[in-house]
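These protein sequence lines are chains A and B, in that order.
All residue numbers for the first sequence refer to this note's numbering, where the first residue is 6 and numbers rise by one.
All residue numbers for the second sequence refer to this note's numbering, where the first residue is 6 and numbers rise by one.
It cannot be assumed that every hint is accurate.
[To be verified] Listing some non-contacts, in silico: residues in chain B with all C-beta distances to chain A over 10 Å:
hint, residue
1, 96
2, 236
3, 248
[Claimed, not checked] Result set (DSS-like, lysine-lysine): computed pairs, CA atoms no more than 30 Å apart in a straight line:
hint, chain 1, residue 1, chain 2, residue 2
4, A, 233, A, 198
5, A, 198, A, 107
6, A, 233, B, 198
7, A, 107, A, 152
8, B, 233, A, 198
9, B, 152, B, 107
Hints are computed from structural coordinates only; laboratory data are not their basis.
Idealized CB from N, CA, C, for every residue including glycine.
There are 2 protein chains.
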Amino acid sequence: MTWAAGDDRTMSIAIIGGTGDEGFGLALRLAKAGEDVMIGSRAAERGHAAAERGAEILGLGSGAGTRGSLGGTSNEEAAAGSDVVFVTVPYAGQADIYRSIKEALRPDAIVCDTTTPLATAVGRPAWQVVTPWEGSAAEQAKALLPKQTRLVSGFQTVSGHLLQDLERDMQGDVLLCGADAEAKSAIGSLAEKIHHLRWVDAGPLSMARIVEPLTAVLVSVNRSYGIKVAGISLTGRDRWGTP
Amino acid sequence: MTWAAGDDRTMSIAIIGGTGDEGFGLALRLAKAGEDVMIGSRAAERGHAAAERGAEILGLGSGAGTRGSLGGTSNEEAAAGSDVVFVTVPYAGQADIYRSIKEALRPDAIVCDTTTPLATAVGRPAWQVVTPWEGSAAEQAKALLPKQTRLVSGFQTVSGHLLQDLERDMQGDVLLCGADAEAKSAIGSLAEKIHHLRWVDAGPLSMARIVEPLTAVLVSVNRSYGIKVAGISLTGRDRWGTP
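Next up, chain A with everything else stripped away, as it sits in the complex (with noise of 0.2 Å):
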């Protein structure tokens, strides 16, 4: 079944990678918002200690409840299950783990990457980038993916930080790209749930060209003024969402 925009069916959620900061912060948020999230990581028992980890600070029951729910697993295992599904891997694992899972992800799969091709990957700074063959990470995860897969790119600008910190409110936009409008909305509907983050249309996939790297200058930013939180948000409208 694909899930369209304004479908008010819950849509299962994984997070591949979902232990590093800005795939357990999002997860918390989600679970937060009351959604269904699953995350995966490379080894299953690390997946489950995060949800585990996850559940306490939310104050989860083990049972269903109101307020969503957090799992764990392998990634393959998250990916198999879900209907959206965001990976939020380094740079340098990217490729490998997009082969890992690509069998196991449904056909019909939304995917969200959220990659930055940070120069740390390369022993560089976190302040510089370095270019995909593909343009961007984003059009590395489609060059790798099955070719029915729904990609949008995001999140690049959202720091993982202030989403681990649910005391504080989120700040700035999610700037999403991809060729598929209804799956922008889709990946945007749930960007919204999460309180006071919005999302903007930054065009074709082509475009992460341009947002990836804006993590970098956040990196810098980040650095200059002596804070974690740093983020981007639109100006010249009110409203955003779907164009």
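Put chain B on the given structure of chain A with help from the hints.
This is chain B only, laid out in the frame that chain A set:
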């Protein structure tokens, strides 16, 4: 005499390519804020005509007033007479313009390059960019300028349309890149004289590789949402400016 941050003395300002949307808008806003601005153009008479048009829009008298002044001349003369030189020309003409003004620039001039290497330079859309050999238009400018010129890159995310619409408040932030912290603060102070405009230190000049292409994202966003004034604002701090 070198201008320093915190200096109350008014700086003389040149806008090279000041007849274009971004340059003319910047000239209007800075003159409105009380600055003395010289609009440069390839042909002195066009610079002069733009200044007359601007003075009429602003209701500036022919004499000196409290609301700044607007003059017009050739790019070379404007550059020769100014402490601060904004270069607001399309990428296709950027190299030629720098070659034409570099002899004229004062040794201690602060140059603020606002160029984005939009693909329009090669007959492709404004929501795409080309990559300059040096990495960014700002670094190309550095390669063409005398070594001692104090170069700052900025204003690529500030809508030329909004700058010219004096009835509306500005929105968004000016992201400044460059090696010279004091020069960034000087340009930042000028930006702040424009009501509602803030500035953020985005790091060294090489960060312009990431900041410049944001113009193309904003062009894409403008098209998608049917607006002309999309901009970028940083979140994570209430105040920015000098770090």
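Given hint residue 107/A paired with residue 198/A - CA-CA distance at most 30 Å = 27 Å, holds
request  = Classify the label on residue 96/B as holds or violated, using whether its beta-carbon is more than 10 Å from each beta-carbon of chain A.
outcome  = 15 Å, holds
request  = Would you check whether the claim that residue 248/B is not at the interface survives, using Cβ distances to chain A and the 10 Å cut-off?
outcome  = 4 Å, violated
inquiry  = For a C-alpha distance cap of 30 Å, please report whether residue 233/A and residue 198/B respect it.
reply    = Since the Cα atoms of residue 233/A and residue 198/B sit roughly 28 Å apart, the hinted pair holds (cutoff 30 Å).
ask   = Regarding the pair residue 152/B and residue 107/B, is the alpha-carbon distance no greater than 30 Å?
value = Answer holds: residue 152/B to residue 107/B is near 11 Å, not above 30 Å.
query = Does the structure keep residue 233/A and residue 198/A at a Cα separation of 30 Å or less?
reply = 23 Å, holds
query = Keeping to a limit of 30 Å between CA atoms, is the pair of residue 107/A and residue 152/A held or broken?
reply = 11 Å, holds
query = Taking C-beta pairs only, is residue 236/B more than 10 Å away from all of chain A?
reply = Residue 236/B is in fact no farther than 10 Å from some Cβ atom of chain A, at 4 Å.
ask   = Can the restraint linking residue 233/B and residue 198/A be considered satisfied, given a maximum Cα separation of 30 Å?
value = Cα-Cα ~28 Å, so holds.
Of the numbered hints stated above, those contradicted by the structure are hints 2, 3, listed in ascending order.
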